[in-house]
Amino acid sequence: MTDSSTPEILEPGKKSNFIHLQIMEDLEQGKNGSRVHTRFPPEPNGYLHIGHAKSICLNFGIAEKFGGMCNLRFDDTNPAKEETEYVDSIMEDVRWLGFDWEDRLYYASDYFGKLHEFAIRLINEGKAYVDDQDAETISNQKGTPTRPGLESPFRNRPVNENLDLFMKMTNGHFGEGDCVLRAKIDMDSPNMHMRDPIIYRIIKAHHHRTGNKWCVYPMYDFAHGQSDFWEGITHSICTLEFEVHRPLYNWFVDQLQETGYRPRQIEFARLNLTYTVMSKRKLLELVKDKHVNGWDDPRMPTISGLRRRGYTPESIRNFSDRIGVTKVDGVIDVSLLEYSVREHLNKTAQRVMGVVQPLKVVLINYPEGGDEELDAINNPEDPEMGTRKVPFSREIYIEQDDFMENPPKKFFRLSPGNEVRLRYAYFITCKNVVKDENGVVKELHCSYDPASKGGNSPDGRKVKSTLHWVSARHAVKSEVRMYDRLFRDENPDGHKDVDFKEFINPESLKVLTGCYVEPFVRTSKPLDHFQFERLGYFNLDFDSTLEKPVFNLTVQLRDSWAKEQNKN
RNA sequence: UGACCUGUGGUGUAACUGGCAACACGUCUGACUCUGGAUCAGAAGAGUCCAGGUUCGAGCCCUGGCAGGUCAACCA
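Position in the first sequence (from 1) plus 613 gives the number in my numbering.
Hint data in this document are derived by calculation from the structure and do not stem from the laboratory.
Be aware that a few hints might be false.
Said to hold, decoys possible - The list that follows gives simulated cross-link-like pairs (lysine to aspartate or glutamate, EDC-like), each with its CA atoms no further than 20 Å apart:
no.: 1; residue 1: K1123; residue 2: D1097
no.: 2; residue 1: K1023; residue 2: E1008
no.: 3; residue 1: K1138; residue 2: E1092
no.: 4; residue 1: K644; residue 2: D834
no.: 5; residue 1: K1048; residue 2: E1018
no.: 6; residue 1: K895; residue 2: D1112
no.: 7; residue 1: K797; residue 2: E854
no.: 8; residue 1: K678; residue 2: D713
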């Protein structure tokens, strides 16, 4: 690797991080034949979340950047927790994000045979032994981080006896918990993970791939480095909490092969986002206790949740680039994620008019029973998306928020006597406010200026505000699900002694059923993105029916008027 | 009171082998606008955890502190 090739490796526009720099160093030194091979290794025990997306983008991104490869490997060494359902969803999510592992799909369970042979080799070399003690005893003997451990009475068992016992473990002769296989390393090590770690335990459960073939299963530490080694991984990237495992990772690889090729473990900080939780355990809890409607609830930080919410793969990848990769444990502001979708959807989303909280407006001087079609721009950011026709008639709906009977100073929208524009349509003036017996505004009677058709008056008259609207007779009645953050606290699991569920936002979902959207949406299919003008980005949910579309709020448009209001 | 890791505007990331702390989000102005969106122009906001030291010069190097995180599942 010469210096002159560096600029090609570092794509312009894409930030470099400390891992890229380390890889470049390895390349320059010719390590591992100057190859780059990474892997994304999820355990199939839950759905992927935005934190995994960071790891996916990192690992596949590195392969792309350095002309290497990235494997998908399921770390399925614990049959008690893993299921095929999760395997399928993980593959779907990685693909949806836009990454391709090609023919390199692996499972740690592919290596159960080799791992078992390796364990036997270690026993033969006097580097592993069967321990008959129970979990609690072993744990106590391990000592504490500040106190050295005690050697097991079984530590110096003869090789033959260990071999015999391990075979009996393997053959199902023992029950769960009767004994374990341990690596013989160093009970005095200041690193807890080096104090004769357990490498095989007995689990009599059905494995999603190997069925009942095995009743002993390797531990993470005994499987991960070896799997990396056998796949030819050069850079094994994982999160910070595995930092202290690294010496053990290296120890096993050293036992496999003394010299030559070595995978290298590099750790980075996992993603934390404000106003959400990220641990699988907590997400599972939210699902099981029905605080949300499943793993793909649009309020969940899961990939499937974000997808259903209306996030795009591009926006998640851009977000991932923007947040960078370091070893600093921090919390990213969700507003950065929201910015990323807005940025993408602003450029790509079909505009449409939809009224979420309708207020009826009757245009008193518009011909009764008449209607017409007006031209509307599909996306002002992208002229190639063209125009569409929007039906207009005497009775329309506008947004309740767009009318105030007694407006404050800077309220530019509709109020008695005030003239505003209906987008792509006409100027209208509010003439009369019709109320019900309780004094609640029921409908507005307005006049329209026929000369202002299309949205401009020939006399050059200006109005301060443009409202979205939808023709009552032509509108598609819809359900709109308005989402807010799932938690009221910025850091829900950052409080000692307070359960994160205490901070759940009771108003994180508001279902609005009497919404009206222009007929254009009839042609759409689930996951299609729209901008409801002046409101935000929405996408069609799977729950939609032909009679009743259902939209999810992805994210609102920035709203400086609302912000102004909140100040007061 | 052990090992390992981390400390740069409100948040996240930069700063080549030491050379005036940069960028993005957010915040705040203003311009423009048939989305109070987008866009454009601009502003405020850190002297880099602390204390010493080396140096003409330190966020980068050295010493000593302080703070936070991880590790004591037969989880990954």
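Okay, the hints, checked on the actual structure:
1. Restraint check for K1123 and D1097: satisfied, since their Cα atoms lie roughly 8 Å apart, inside the 20 Å limit.
2. Simply put, K1023 and E1008 have alpha-carbon atoms about 27 Å apart, too far for the 20 Å limit, and the pair is violated.
3. The straight-line distance between the Cα atoms of K1138 and E1092 is roughly 15 Å, inside the 20 Å bound, and the hint therefore holds.
4. A distance of roughly 24 Å separates the Cα atoms of K644 and D834; the hinted pair therefore is violated under the 20 Å criterion.
5. With a C-alpha separation of about 11 Å, the suggested pair K1048 and E1018 falls inside the 20 Å cut-off, and the hint holds.
6. Our distance criterion of 20 Å between C-alpha atoms is met by K895 and D1112, whose separation comes to about 10 Å.
7. A hinted pair counts as satisfied when its Cα atoms are at most 20 Å apart, and K797 with E854 does not qualify at roughly 23 Å.
8. Simply put, K678 and D713 have alpha-carbon atoms about 14 Å apart, close enough for the 20 Å limit, and the pair holds.
In this structure, the hints that do not hold are numbers 2, 4 and 7, in rising order.
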